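Based on these hints, arrange chain B with the ligands on the given structure of chain A.
Chains as they are written, first to last, in the working numbering: chain A, 1 to 142; chain B, 1 to 230.
Note that these hints are calculated values from the structure, not bench results.
Note that this is a predicted model, so its numbers are computed, not measured.
Each residue gets a CB set at the ideal place from its N, CA and C atoms; glycine is no exception.
Warning: the hint list may mix true and false statements.
[Said to hold, decoys possible] Straight line, CA to CA, 27 Å or less: simulated BS3-like cross-link-like pairs of lysine-lysine:
id: 1; chain 1: A; residue 1: K87; chain 2: B; residue 2: K40
id: 2; chain 1: A; residue 1: K75; chain 2: A; residue 2: K36
id: 3; chain 1: A; residue 1: K36; chain 2: A; residue 2: K125
id: 4; chain 1: B; residue 1: K55; chain 2: A; residue 2: K89
id: 5; chain 1: B; residue 1: K55; chain 2: A; residue 2: K36
id: 6; chain 1: B; residue 1: K58; chain 2: A; residue 2: K89
id: 7; chain 1: A; residue 1: K53; chain 2: B; residue 2: K21
id: 8; chain 1: B; residue 1: K213; chain 2: A; residue 2: K87
id: 9; chain 1: A; residue 1: K125; chain 2: B; residue 2: K55
id: 10; chain 1: A; residue 1: K75; chain 2: A; residue 2: K127
id: 11; chain 1: B; residue 1: K59; chain 2: A; residue 2: K53
id: 12; chain 1: A; residue 1: K89; chain 2: B; residue 2: K7
id: 13; chain 1: A; residue 1: K53; chain 2: B; residue 2: K58
id: 14; chain 1: A; residue 1: K75; chain 2: A; residue 2: K90
id: 15; chain 1: B; residue 1: K21; chain 2: A; residue 2: K57
id: 16; chain 1: B; residue 1: K40; chain 2: A; residue 2: K36
id: 17; chain 1: A; residue 1: K90; chain 2: B; residue 2: K116
id: 18; chain 1: A; residue 1: K90; chain 2: A; residue 2: K125
id: 19; chain 1: A; residue 1: K87; chain 2: B; residue 2: K7
id: 20; chain 1: A; residue 1: K87; chain 2: B; residue 2: K58
id: 21; chain 1: B; residue 1: K59; chain 2: A; residue 2: K87
id: 22; chain 1: B; residue 1: K55; chain 2: A; residue 2: K127
id: 23; chain 1: B; residue 1: K213; chain 2: A; residue 2: K90
id: 24; chain 1: B; residue 1: K7; chain 2: A; residue 2: K90
id: 25; chain 1: B; residue 1: K116; chain 2: B; residue 2: K213
id: 26; chain 1: A; residue 1: K127; chain 2: B; residue 2: K59
id: 27; chain 1: B; residue 1: K40; chain 2: A; residue 2: K75
id: 28; chain 1: B; residue 1: K58; chain 2: A; residue 2: K127
id: 29; chain 1: B; residue 1: K55; chain 2: A; residue 2: K90
id: 30; chain 1: A; residue 1: K89; chain 2: B; residue 2: K116
id: 31; chain 1: A; residue 1: K90; chain 2: A; residue 2: K53
id: 32; chain 1: B; residue 1: K7; chain 2: B; residue 2: K40
id: 33; chain 1: A; residue 1: K89; chain 2: B; residue 2: K40
[Said to hold, decoys possible] Not the full set, but computed from the structure, chain B residues with beta-carbon under 10 Å of chain A:
id: 34; residue: G43
id: 35; residue: R50
id: 36; residue: N52
[As the list claims (entries may be wrong)] From the derived model, a few chain B residues whose C-beta atoms are all more than 12 Å from chain A:
id: 37; residue: C96
id: 38; residue: C131
id: 39; residue: A149
id: 40; residue: G161
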Amino acid sequence: MDNFEPEIVAFCCHYCGYTAADMAGTRRISYPSNVKIIRVPCTGKVDAIHLMKALEKGADGVYIAACLEGDCHFKDGNLRAVAHVEKIKKTLEDLGWEPERVAMMNFSAAMGQQFAQAAEEFTEKIKALGPSPASQATSKAV
Amino acid sequence: MITAEQKPLQEILGYIAPYEKILVVGCNECVTVCAAGGRKEVGLLSSAIRLNSAKAGKKIEVLEHTLERQCDPEYVDQLAELAGQVDAVVSLACGCGIQTVASQYPIPVFPGVNTKFMGASESQGIWAERCMGCGDCMLGITGGICPIARCSKSIMNGPCGGSVNGKCEISPDVDCAWQLIWDRLVELGLQDRYEELVAAKDWRPAGGGGPRKIIREDLASSKIITEDNA
Ligand code: SF4
Ligand code: SF4
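The following block holds chain A by itself, in its conformation from the complex (with noise of 0.2 Å):
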């Protein structure tokens, strides 16, 4: 399990969670390459089935990052997003999965620092559950 990397899929939205992931690369601050970034327009476009489809083709962890609350450029997009994370959470409880693959991020576009920080943080904490059941279905991990 050592040797595990984890697939992460980041869904961002362009206003924000984008575009604070963009200022990590402007300033030069790493984070995993674990993460896979999706843009969305908003967050709130994020639906229920697009966190489950990510874990059913075999992401070992899936993370939604919009605008701070109260600060989504759509209004209120970000509540949605955390909606529907919850719902996931509990799904994924009810199937004996661990509820903590899944989670909501917020940050402003100027939060670089801090994007590639909760990445690091995420990325680990993954790797110490190890791989998704679906990703060793699929036998991509270790």
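Quick look at chain B with the ligands alone, frame taken from chain A:
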């Protein structure tokens, strides 16, 4: 519309445990609107079933399909090919849809939802019971508020002694239907109507006379009427 809620996942997983290939079928009507059994929920449940099989180290194939309507044989006919490929079906339609699918295919059909009541949307994500299909609608004399579905005791001449400050005695969160009826009659200037006692209700049209059926002779073909329903 008819409202429903998804069953606990473990119950559904228990039903399908013996099978290797299943079909999850949704319906585009009421259960889509109340987010219990439309295309989206079919996808989510199918995904959850796959995640569960990954965890259990079991192989299961899940097919997904959503019908325009699941309570009409014409639409359910469209499942013929898919139903022929699977060992069992999980239906996310209301009880009417589930039974229609079960009546047409010789494989086990399991409910994926609990069908709740005939209700209306109060606001996004909230549905409340509004009608119990009593077969002899009284809304014309109750100011448009149903005493059958909305009064906890379904009384005809309310309120009862448990009505306090507009709330029903069963819970401070439940409006007293008869308070609502009175307020509405006042608003309409129809207080006189309240003075007329409503006779004891005949519950036969409400289902007390056995399973109910509507036959519209102008719509049903004569063949169907004579052979199936006569
Ligand atoms: S009176 Fe009967 S038909 Fe009318 S809304 Fe109430 S239950 Fe439904
Ligand atoms: S308090 Fe009102 S709603 Fe509740 S049972 Fe009595 S009459 Fe019906």
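Consistency of the hints with the structure:
Taking the CA atoms of K87/A and K40/B, the gap is near 14 Å; set against the 27 Å cutoff, the hint holds. The hinted pair formed by K75/A and K36/A meets the criterion: a straight-line CA distance of about 26 Å does not exceed 27 Å. Our distance criterion of 27 Å between C-alpha atoms is met by K36/A and K125/A, whose separation comes to about 16 Å. Under the criterion of a C-alpha separation no larger than 27 Å, the hint pairing K55/B with K89/A is consistent with the structure, at around 16 Å.
With a CA separation close to 24 Å, the supplied pair K55/B and K36/A stays within the 27 Å bound. With a C-alpha separation of about 22 Å, the suggested pairing of K58/B with K89/A holds against the 27 Å cut-off. Between K53/A and K21/B, the direct Cα distance comes to roughly 19 Å. Compliance with the 27 Å bound is thereby established for this hinted pair. Proximity of K213/B to K87/A is assessed by CA-CA distance (about 40 Å); at most 27 Å being required, the pair is judged violated.
Taken as a hint, the K125/A and K55/B pair is honoured in the structure, with Cα atoms around 19 Å apart against an allowance of 27 Å. A C-alpha spacing of about 34 Å is found between K75/A and K127/A, which places the hinted pair above 27 Å, so the restraint is violated. With a C-alpha separation of about 17 Å, the suggested pair K59/B and K53/A falls inside the 27 Å cut-off, and the hint holds. For the suggested pair K89/A and K7/B, the alpha carbons sit about 17 Å apart, so the restraint of at most 27 Å is met.
For the proposed pair K53/A and K58/B, the alpha carbon gap of about 18 Å is at most 27 Å, so the pair holds. Proximity of K75/A to K90/A is assessed by CA-CA distance (about 26 Å); at most 27 Å being required, the pair is judged to hold. Taking the CA atoms of K21/B and K57/A, the gap is near 19 Å; set against the 27 Å cutoff, the hint holds. At most 27 Å may separate the alpha-carbon atoms for a hinted pair to count; K40/B and K36/A meet this at roughly 25 Å.
For the suggested pair K90/A and K116/B, the alpha carbons sit about 22 Å apart, so the restraint of at most 27 Å is met. Pair hint K90/A plus K125/A holds up; C-alpha atoms about 19 Å apart against a cutoff of 27 Å. Using a Cα cut-off of 27 Å, the hinted pair K87/A and K7/B holds, with the two alpha carbons roughly 15 Å apart. A hinted pair counts as satisfied when its Cα atoms are at most 27 Å apart, and K87/A with K58/B qualifies at roughly 25 Å.
Only pairs whose Cα atoms come within 27 Å are accepted, and K59/B paired with K87/A is accepted, the gap being roughly 25 Å. For the given pair, K55/B sits about 18 Å from K127/A by alpha-carbon distance, which is consistent with the 27 Å threshold. At most 27 Å may separate the alpha-carbon atoms for a hinted pair to count; K213/B and K90/A exceed this at roughly 41 Å. As the CA atoms of K7/B and K90/A are separated by approximately 14 Å, the hinted pair is consistent with the 27 Å bound.
For the hint pairing K116/B with K213/B, the CA-to-CA distance comes to about 20 Å; that is within 27 Å, so the pair holds. Taking the CA atoms of K127/A and K59/B, the gap is about 26 Å. The hint holds against a cut of 27 Å. Our distance criterion of 27 Å between C-alpha atoms is met by K40/B and K75/A, whose separation comes to about 24 Å. Of the pairs offered as hints, the one joining K58/B and K127/A holds, with about 24 Å between alpha carbons and a cut-off of 27 Å not exceeded.
With a C-alpha separation of about 16 Å, the suggested pairing of K55/B with K90/A holds against the 27 Å cut-off. Taking the CA atoms of K89/A and K116/B, the gap is about 25 Å. The hint holds against a cut of 27 Å. This hinted pair checks out: K90/A and K53/A have alpha carbons roughly 16 Å apart, not beyond 27 Å. Restraint check for K7/B and K40/B: the C-alpha separation of about 15 Å stays at or below 27 Å, so the hint holds.
Using a Cα cut-off of 27 Å, the hinted pair K89/A and K40/B holds, with the two alpha carbons roughly 17 Å apart. Hint on G43/B holds. Least Cβ distance to chain A is approximately 5 Å, under the 10 Å limit. With a least beta-carbon distance of about 5 Å to chain A, the hint placing R50/B at the interface is held under the 10 Å criterion. Because the beta carbon of N52/B sits about 5 Å from the nearest beta carbon in chain A, less than 10 Å, this interface hint is met.
With a least CB separation of 26 Å from chain A, C96/B remains clear of the 12 Å interface cut-off, as annotated. At the 12 Å boundary, the C-beta of C131/B stays outside the reach of chain A, the nearest C-beta of that chain being 29 Å off. A149/B, annotated as away from the interface, keeps every beta carbon of chain A farther than 12 Å; the closest lies near 29 Å. The non-interface label for G161/B is consistent with chain A: the shortest C-beta to C-beta separation is roughly 42 Å, beyond 12 Å.
Hints 8, 10, 23, counting from the list given before, are not met by this structure.
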